[in-house]
Every structure is written in C-alpha cells, then in structure tokens.
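Asks: Residues per chain are reported as follows:
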Amino acid sequence: MDSETKIDERYAELFRSRIEQISAGSAPFINSLREEAFGRFRELGVPDRKSEAYRYTNLEPLFSHHYHDYIIPDAGDLNYARNFECEVEDLDVHNLVLVNGFYPPNGGALKTIDPGVSLGSLTEAAVSQSEVVERHYGRYAASDEDGLIHLNTALATDGVFINVPEGVRSEKPVQIVNLVRSEKDIFVQHRNLVVVGEDAEATIIICDHTVSPNNYLTNAVTEVYVGANARFTLIRVQNEHNKAAKLTHTFIHQERGSYASSVNITLHGGVVRNSTYHHLGGEGAHANAAGLYLTDRTQHVDNFVSVNHAVADCTSNQLFKGVLDDVATGTFNGRIVVRPDAQRTRAYQSNNTILLTDDARMDTRPQLEIFADDVKCSHGATVGQIDDNALFYLMSRGINRREARLMLMFGFAHEVVQEIPVEALQRRIDTLVMQRLRGELTRCASCMMRCRESVQ
Amino acid sequence: MLIVDNLKASIDGKQILKGMTLTVNPGEIHAIMGPNGSGKSTLASVLAGREFVTVNEGTVTYFGENLLEMEPEERAKEGLFLGFQYPIEIPGVSMVNFMKTAVNEQRKHRGLEPLSASDFLKLMREKKELVEIDSKLTNRSVNEGFSGGEKKKNEIFQMAMLEPKLAILDETDSGLDIDALRVVANGVNKIKRPDSSVVVITHYQRLLDFIVPDVVHVLYDGRIVKTAGRELALELEQKGYDWIRKEAEKSDETWTVKPK
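Chains as they are written, first to last, in our numbering: chain W, 1 to 456; chain B, 1 to 260.
Some hints could be false.
The following residues of chain B were derived to be distant from chain W, with all beta-carbon distances above 10 Å [stated by the list, open to error]:
hint, residue
1, L22
2, R50
3, R75
4, P91
5, L112
6, S116
7, F120
8, L121
9, I178
10, D221
Pair ranges (Cβ atoms, derived) [claimed, not checked]:
hint, chain 1, residue 1, chain 2, residue 2, range
11, W, E423, B, K108, 48 to 58 Å
12, B, T23, W, P421, 27 to 37 Å
13, B, S118, W, R402, 25 to 35 Å
14, B, T54, W, P340, 50 to 60 Å
15, W, P340, B, S118, 21 to 31 Å
Calculated directly from the structure, the hints in this document are not laboratory data. Here a beta-carbon is modelled for each residue, glycine too, at the ideal position from N, C-alpha and C.
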C-alpha cells in the first residue's frame, strides 16, 4: 500500500470504528449525511500534490501522523472554555468559545442574542431548529475535488450555529474563539453553519488559537447562507503554534443583491490552509475576499479562493497580501469562474507578497475560467522586495532605513487590515502587525487571550 | 552652506555630471536651468543621496561636512530637503503617520522631545493653511490617488512641516497649471526664512516669476556653463537654449558672469 492509501485507510477505520459514538451525540439529519459523505471521501481521498488546488501544500506528513481522535469533549476542556476571556480592548461582541470544536455545555446551548437571532451549538440547533438546519446544512459545502470537505461532513459532531432571521440587522459582531487544547496530539473536526436571512446583517469574527504545545490537525468547515440584499462579514484571525496544522474550508452562498466579505488574517501557524468559496448565486451580489499572511521560520500559509459568478451583474474583488521571512513559504490560488449566463461580471484579483530573504518562497497562481463574453476581469500578482523608491522617499524626510522599511511593510499589510470593519479589532490587528514586523512579538504575546499556560 | 566642487557623477557607467561647481550661501535662492538631459535631476539625486548615482570625482560640502558620506536620512535631519520631480505613492502609509514620524525623528536628532498628538495636529493645521493644501489630501495615504498638482503641493506641505535649511526643488513646476504654480510658489516663499536657502531646478522660466532667484545657473552637458542674475532666466525664455549650446561648444572653459 502506498502512503496515500494507508492514510485513507486509517481514516476509513476511524469512521467505521467510531461512527456509532459520533452519531450518538448528533442530530438524525446530520447523521443522515454521513454515509454518503464518507463514500465521497473514499473516492477522493486526502488531496495529494497532484491535485491542482493543493499543489504547493503537502498534507501527507500531517495526515500520516498518528493523532488521538477527539470525539467526546472532556469536561475539563469545557470548563476551560467557560472561563476564557478575550483580551482585545473595547471589543464589544457576543462571545462564544469552542474547545476542540465543541461548545459547552455540549448539546444544551442555543441562546437568543438579538430578537430572533440564535447563537450556539450546531448539534442543539439541528434538533430545536431542525427546519433551518435541514434547509442549509450540507447544501453549500460541496466539492468534486476536495475529499477533506466530505471527511468533515462524515465526522463532524459539533460547531457553531448562527441564525439571523429576515430583516434583522445584528449590529454587535459574534466572536467565535476556537481553542485547541490537549495533552495529546489530536485531530479536530468542527462544523459551523451561519444563516443570514433576507435583508439581514451579521458580522462574525473567528479566532483560531492553540493553547498547548502538542501536534494538532484541524479540519473545519463553515457554511454560510447570505439571503437576498443581506450583508455578511467574516473575519478570521489565526494565531497558532508551529506544530499546529489548520485546514479551513469556508463556503459562502450569496443571493441576489447581497454583500459578503471574508477576511483571513494569518499571524502565525505551522501549516495553514484556508479555502474560501464565494458563490454568487443571485444577480447584483458582491463578494469581497481578502487575506494577510505574515510568516517566518518554517511556517507555510496557503490561501485558496474560488469566486463563482453563476449569474449576471455580480462583482467580486480579491486582495491577498503577505510578508514572508526566513524560509517561510506561501501559496495563493485565486480562482474566478464566470459561468455562461454571468454577463456584465466584474471580477478583480490581486496578490502581492514581499519576500524578506532569498530563501522565503511564494507560489501564486491566478486561475480565470471565463465562459461569458461581456465580462471585465483582471488579475495581478507581484512577488518581490520592498520598493526602493518608496524607501528612499521616506528616508529623504529623515526617517531611518529600519523605520522606513517597517512603515512600508506596515502600510502594505494595512491595506488588508483596513478591510476589517470592526474598529477595535482593526486597531488591535494593526498593533499586532506592527509588533510582529518589529520582531517584538512572540506567538504568545500576540495572543488575544488571558492564557497563562501557553507554550511557545 | 553648500559647496559643490568639480562634481563628476555617472549612472550605469554613463557620465552625466562632468565637473560641476556650485556655491550656495545662507539666504540665497538659486535657480538651475538647462535643457533636457543636461544633468539637472542627477544633481538633485546626488545631493539627496540616491544610490543609483555613482560619484566619480569631486566633493560636496554641506555646513563644513562631507555630504556624500551622509545617509539620506542624516542629510534630511541636517536640514536638507528634496522636493521630488515624481513624488512616490505609498498606499497604506497615512500622511499623518508619515509626517509625525519624520518630524519626530528630526526633533530627536536635535535633542527635542517628540511632539504630543495635539501639538502635532496643530502644526499640521497651521502648515496646511500656509501652503493651501486640502485636508482631504493629508487624511489619505501618502500621495495615493493624488493628481500631479496635488502631489507637488504635498511636497511643499512636507517642506513646510520640516522647515529645511536648504531645499532643492526638482522640477516642482512640471505638470502644474498656472493656479497650482502660484500656490506652490507662494508656499515656498512663505516657508523660506532669511537664513534658509532654496535651489530651484527647472526647465522653464515661469516658476521664477513667482520664486525670484538671486542667482541663475545654466547647466549644460554636466557642467554649469553660465551664471548670472535673474535676467538670465528671461533671456533663456526668449532665446531658448540653443545659443548656450553654441557658446558652450565654442569653449571648453566654464564661462561665468559674476551675479549682480
């Protein structure tokens, strides 16, 4: 057996041996999708480097590592989550903490935060709001290429559910803190479902953190439905340690006239892969996808974006930027698909990376598939050093070289940071970016948590 | 304050400045004119410290120090200012942050405390009024999306903020309409103190109607071939550069007239 087959067999065995336990804590509807999803995973397997979408990210060492599976949450972990507080100043949010993908108290919590707005455990929602969950769950996270999405559907037990009903503008953002914490090396799966009804509005902040030093692998799927004329923003801030691997798959389905923005800020992580899919399924919708990656040492960050213009008169914009130091590596795959009916599409994409050393490496690949004729699309990518002319301009005003370089890198990164519409968070990220660029920041110091046991 | 002596400089092996000599005293306004390709911008680049220009021979002394050994930021801290012919756009870096850093770096150099946020904003406000620059420009990223004229006004605004001892304005008039030209020139005149000096590098005479020079030099083929009072600028405006070219070619010797 080659290594890929061995990996797939291992996860097949996990499924067969634990499916009863997994299903026991879940709703019947979620369980009803597992067998088929598992079959799809068996067909597709864990993506290898022959897969176009994963060409520059090697998953093999991550999946061949032996992890303990984390299927039933530990009471101690859930207590830890209850006592957690976020440290970002003046961040006024509805806060929710998950440990290893579970929301405490397991299965019992679904609260109402604004009139009609539900927030809490997906497992719970699948029972008490089964109608909404059944209408959306598993509908958007579809892929003929990526077996990991199906693996998540087969194995995921809990995650966050948010439902903002028609016409409700939920002004206070929801913050989901994902903590990974264990004495053992673990494999974590969680699944989020967000439903933003017609004319509704929601902003969600997802913070990914590790709080103990083991090897972790997270494979998380988030599905978002954005109704007609609704507004949705997702901000993801990632700050995990060097032995953590984070694979996120985010599917945003947009209806007519809607606006959706996804912003991924990767401050630290061992291996990070963010796949973001915007499906423009109704006319006049706008998708905005942005990302920032600041990495050093041996970190690897891979951003995969796919914007699907399925109908006419939609617009989209992709802006991804990064600074790579030491031997860090990065990948950007930006896909724009314009379907035959999607006339008058406007789609733009830009990826700019600064390499601080000769050994840092960036692979950037635009993929434009255009099947309509009245379309305006553009893409641009740059990989390089700091602009000498800009550096000289700042220095000619009396700013020393080191400070001028920092200002330029900060300005470069700020273009993405300013896509964060939550002011307190934007300020905080700006500060973290500056500290990070100055080299004043260890991963722990950049953490947003009052964690005292964290290990570098 | 500035003595350029027999300066020879090249870019990518091509000799541009071929023995240029210039003395600027405190309080003076000098204009350096000359046809395209004569070396005007190369001179500005050498004085500001651009790395792509190689100095092959000669000296530049600024307040008794060897200017060529100073880093660009040191030159700025010692009161040298370059107004760029093509100001650079820097997205993501705000004008406020840029100027605050520059002003405070220069204050630090002079042993002064950094300005408080409110004092700094007050200074910005004063200088904005002085040079008639729109607040909406100073609230944006450095030069980002500015028109040509706005970029030039922004150079003068930066000059006002930094109060240099010697300002070198490299073709600050290029691309300006007459109203913008007037605003820019008024700004320079207001900023200039009795003991500070300005070197205006320009192709055309019209800026010199507003910034009146004490001395006009003509740079031709890497050398100053003529020096006179402001009437030289008017003569050039009427007669063009051809007669200078002919005169320069007649004699290898630098031919100068003492001003006034």
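Asks: Compare the structure with each hint and give your call.
Replies: Quick rundown of the hints versus the structure:
1. L22: B:L22 clear of chain W: closest Cβ-Cβ about 20 Å, beyond 10 Å.
2. R50: violated, 6 Å
3. R75: violated, 8 Å
4. P91: violated, 6 Å
5. L112: Its Cβ never comes within 10 Å of chain W, the nearest being 13 Å, so this holds.
6. S116: holds, 19 Å
7. F120: B:F120 clear of chain W: closest Cβ-Cβ about 15 Å, beyond 10 Å.
8. L121: holds, 18 Å
9. I178: At about 27 Å from chain W, B:I178 clears the 10 Å cut-off, so the statement holds.
10. D221: Label holds. Min Cβ-Cβ 27 Å, cutoff 10 Å.
11. W:E423 - B:K108: 48 to 58 Å: Given range 48 to 58 Å: violated, Cβ gap about 30 Å.
12. B:T23 - W:P421: 27 to 37 Å: The hint (27 to 37 Å, Cβ to Cβ) is violated, given that B:T23 and W:P421 are roughly 57 Å apart.
13. B:S118 - W:R402: 25 to 35 Å: For W:R402 against B:S118, whose Cβ atoms are near 28 Å apart, the range 25 to 35 Å holds.
14. B:T54 - W:P340: 50 to 60 Å: At roughly 58 Å between Cβ atoms, W:P340 and B:T54 fall inside 50 to 60 Å, so the hint holds.
15. W:P340 - B:S118: 21 to 31 Å: violated, 59 Å
In summary, the structure is inconsistent with hints 2, 3, 4, 11, 12 and 15 from the numbered list given earlier, while agreeing with the others.
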